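With chain A fixed as given, assemble chains B and C onto it according to the hints.
Residue numbers (the working numbering), protein chains in the order written: chain A, 409 to 722; chain B, 328 to 682; chain C, 144 to 619.
Heads up, some of the hints might be wrong.
So the derived label-pair ranges between C-beta atoms look like this [said to hold, decoys possible]:
hint : chain 1 : residue 1 : chain 2 : residue 2 : range
1    : C       : Glu614    : B       : Ala383    : 40 to 50 Å
2    : C       : Lys352    : A       : Phe483    : 13 to 23 Å
3    : B       : Ala383    : A       : Leu629    : 19 to 29 Å
Computed far set for chain C versus chain A, every beta-carbon distance over 12 Å [said to hold, decoys possible]:
hint : residue
4    : Asp312
5    : Thr314
6    : Gln316
7    : Arg350
8    : Gly408
9    : Ser412
10   : Trp523
11   : Thr613
Worth flagging that the hints you see were computed from the coordinates, not collected in a lab.
Note that the structure is a prediction, hence the values are computed from the model and not measured.
Glycine is no exception: its CB is placed at the ideal position from the N, C-alpha and C atoms.
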Amino acid sequence: MTAGVSFRALAGRRGRRGVAEAGWGRTAAAALVSLVYFLPVLFIIFTAIKPQELALSVPPTISPTSLFGLIPDQFVFPPTLENFSSVFSRVMTTGSAPEPTGFDLYFFNSIVIATVSVLLALVLGTLAAYGFSRYPLKGNDTYLFIILTTRMLPAIVVIIPVILMFRAAGLSGSYLGIILLYTAFNLAFTIWMMKSFFDELSSDVEDAARIDGSSETKVFLKICLPQVVAGLAATFVFGLILTWNEFLFALLLTSTDTRTVPVAMNQAVSSGGRGTDWTLLAAIETLFLIPVFLVTFFLQNHLLRGVTFGTVKR
Amino acid sequence: MSVTQIARTSPALLVVSPDNWRLAIAVGLLVSAPAVAALPPGTSFWVVGAMVALVAAAFVVNAWRRRYYGGLLVAPAIAVLFVMNIFPLLWSLGLSFFAYQSNLQSIRFVGLYNYTKVLTNEIAAPDNWNALVNTGMFVVLTVSAQMIVGFLLAMMFAKEFPLRRYLLILVLTPMMLSVVAAGVFFTYYYDPTFGILSYVVNSIAGGQFILMSSKAGAVAGIVFADAWMWSPFVMLLVLAGLVSVPKYLYEAAAIDRVSAWRRFWCITFPYIRGLLMLALLFRTIEAFKLADLVILLTKGGNDTMTISYQLIRIANEQNKTSEGAAISYVMLFMVIVLTNLYLYLANRRNRRVET
Amino acid sequence: MTASSTIKHALLAAGVAASLVTLGATWAPAEEVTLTMAVPDWPPTRIMKKFFDEQYKPKSGNHVVLDVDFIPWPDFYTRVNASLTSGEKKYNFIVSDSQWLGAFVEGGYYRKINDLLDADPEFKKTVLSVHPAVLAAYSTYPYKSKNYYGFPQFPDVLVNFARKDVLCDATEQKSFMAKYGKKLPCTGEELDAMTWDDFRNVGEFFRRKKGEMLAGKPLDDDFYGIAYQAGKGYDFASMQINGMIWQMGGNIWDETQAPTGQAEGVVNSPVAVKALEQYLGMIEYMPPVAKTGTMDIFKTDELFREGKVAMNVDWIGLGEGTIDPKISKVADKLVVGMMPGTLVDGKLVRWSNIGGQPFVLTTWTTPLQTKEAVEFVKWWLSDDIQRQFAAAGGQSAIKSVYEDPKYVTYRPWNRAWAASLDWQKDVWHVPQFFELLTEQQDQFDLAITGEQDAKTTLDNIAKFQQNLLTEAGLIQ
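In isolation and in its complexed conformation, chain A is listed as follows (with noise of 0.2 Å):
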């Protein structure tokens, strides 16, 4: 079925892209929009860097400078660095000295853990739907389905078996296990975005290089893949996204030593016993926003660029 129009005929071809120009007034309407709606996250990211004490107060402090007077002193807050190391060593129980809190180690996991699985989902993911574009097999359209399938049911159901089958195999609480299923989660997606890139992609210049006595393995690597390279990207960084906050999976199957930090982050829900620590979770936030917000960043143009092509193919 096809839900997407060819542009790529249209458009691919006959030049640039249909950006056009806007001015300056653009921007000014523009960064108005974008700055109201990204206020919710600059308060998550001000409140990392405010003062414990300051968290709660009423009026609420929403601001680290006055701006030259604008902002009224009530409201304003001065800023500090304190909550940062808090998240990597603070002190744990009344009178003792300040303790490691394992975060290092939670944030290399989760870096490690999200990039292997989206790399890995993004092999398999792009060899299948080169295999579903290019060499149809019967029933193609509803193994398509049936993988889309796998993304409708909220993970608890299946968690029962997939622990079990851990415990059986020996992966419970292991890099491997956890990066495997993130594979697998990330899979439908990858393979949906995917297929349709390849759809996208003329088959003139492909089969040229066939007839000039190219192995199929040539015309994979060689002509189809540089040509997807924008649609690789913008499938990493959804599939980052969505890899690195996933909470559920990592909550249940990883061990103290490969622990996310989703997993780690509601130390600071539930802080000391008592309820949220506020600067403590927002500092962990904005830390682990930093990671996945400059891969998004630089891979911005990619990303406009490769959701371009990929249109919903089936």
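Relative to the frame of chain A, chains B and C by itself:
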């Protein structure tokens, strides 16, 4: 495109050859069966694993020699999906036909009892139906809010302007937040004593503003948070469609003095329809799973219980595993019907446009 | 365990192995025993681990390692439940809410310790030195039977946290006396003597708007008199309501009376309805978040620490925050009394629902591990360690410890501890606990948010419980 198929006969059953998958299966079964029977589970697991690997290898060699590239390419992904996802799903599908509580070690076949119980039992069913209705409401509200907001944001960013790159990333950030952190901070924003929302409303209107004390307010709070987080997802997909519209089409339209409305429907819309569909599909699937935000913001109070939260309660808190499985398959059925409906409508429209 | 401590343990093990090689011929081999423990991540368990690492010397000469998995509180049940029910068999010790006992004993996960008690008189003496109300709540299934399972990790009760700067203010004292003809409670002893009516009066008296005066100063934000848990999550209303029902002479479904005890007629008895009405009647004097059904134990604590309420009934376990000046605006203004009671025939009745957690042994723990575990529990419940635990901010249910005059000097709330213990009862221990609780919390939430009255609420709960428990064979 076609692949030249070279007809090659498969090796006979007893020929020892790397592509003889029939022999591999036979050997695998012969070795596995006694291993499972005689050895402890820890050991037999690996024996069976090795046999499965043997059979798989035979299939791969077979496919390679006979150039079944499609199967070869798809196989690794399917294998991972099968082991990690589809197999556990089938397992829980199986469980839905048994009376099984994961904290009590008894199991008994009950056929469709769990399904009739979760859908018709006079004590258990009303909560489920109520949660399903609420879920429906949340799906409609959150998905339409995301589609509208995402679309409008995309329109705003569809043109090139100074600093566009930097402003765009600001709008994309909400979906990068962890749901727990975002949800916990929304409880703060909505808090009547400490929160910003009540502070602002109270300063302007006076009195005591409590957003989450009514169903309308609680739903609005949840929908707002969810739509805020995930509109960027829709925006990104729509934006991609918008920037792909060839410029010359707009130029031609300008010469013909086509109205803005017609220009949108005839030129722009066809380019974003497919992407809107993809966004709609994935957001709908996710909206059916809405639970985290509800748990964090209301605990299901003020009649905001969703079916996914209900499922967590039943399957996880109360350990009624098979009942939970039944609920999730009812849910799956609904999502499948809905997504197929989307795809069907999209197709039909598509065909009409093309002809 | 972090990676670095894994390495540390590996090195240690290597060291032990090396010394074994050299000494092996003459010495009985010391064995490496690891006890894996699932605990919620908070100070009482952190202290336990710290004490163990610093002080514990096993008598057997074995090398015993306590491998503690600190799990953040919000996910603790999910993690433990999944680990147990999937048969992961990972943990030897589990910190467990007492209500979970039935569900996990019936599942075959929690180990009955009667045989261990019988085999080791010293162990038995140690365990039986725990306050009987606490022991029954933390260790027995069925509740109050002679089957023992758990040991106190952090015992806890509800107490009344109050602000003396506001309560002892002369003007407030005077106008309270003028309005109610009673002294506004100000000292610990006066707080102890409070009834729920007094508590209500405090709530009514201190409801002030922004700009009004409080203790001689104008308020920069709204102020409220009282707070207690009224949240829909987990057990954050039941724990408070149960106490009130018991105090007024009502009861919840009583599992010690099974199978003849009923839910219908007991749960929704007129006294119980009156108790619930009393509970609901005070919600209007509490901070506005009470109307949303999300005012849990953490929210009331937060409101109290931020100086928004004069009194807050909450668990001792949340107390450490209130005296930490970094996060508490009332750190130097705290006075603590017992939870208010109900006057019956001139005597204060103060039944309350016990909080805190025991820890239990699991059934797959090997004999060698069990042996070391018993030694560990004896050490943990020993006088000396319990004293140190209390001094570091923990609580002890061991009589010799909490009756020591020094005990009340450790923390401001310790003065209310010993007297409260006699009045502790526990909620159900039956395996259906979570279903009973969920339905009850849902119904209470409807009442708290004003959707239905007390009578309807308790009728619904009674009907549900009668049905469920009859099906389970617990009511005949």
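Against the structure, the hints:
no.	hint	verdict
1	Glu614/C x Ala383/B: 40 to 50 Å	48 Å, holds
2	Lys352/C x Phe483/A: 13 to 23 Å	22 Å, holds
3	Ala383/B x Leu629/A: 19 to 29 Å	24 Å, holds
4	Asp312	21 Å, holds
5	Thr314	24 Å, holds
6	Gln316	27 Å, holds
7	Arg350	17 Å, holds
8	Gly408	37 Å, holds
9	Ser412	35 Å, holds
10	Trp523	16 Å, holds
11	Thr613	29 Å, holds
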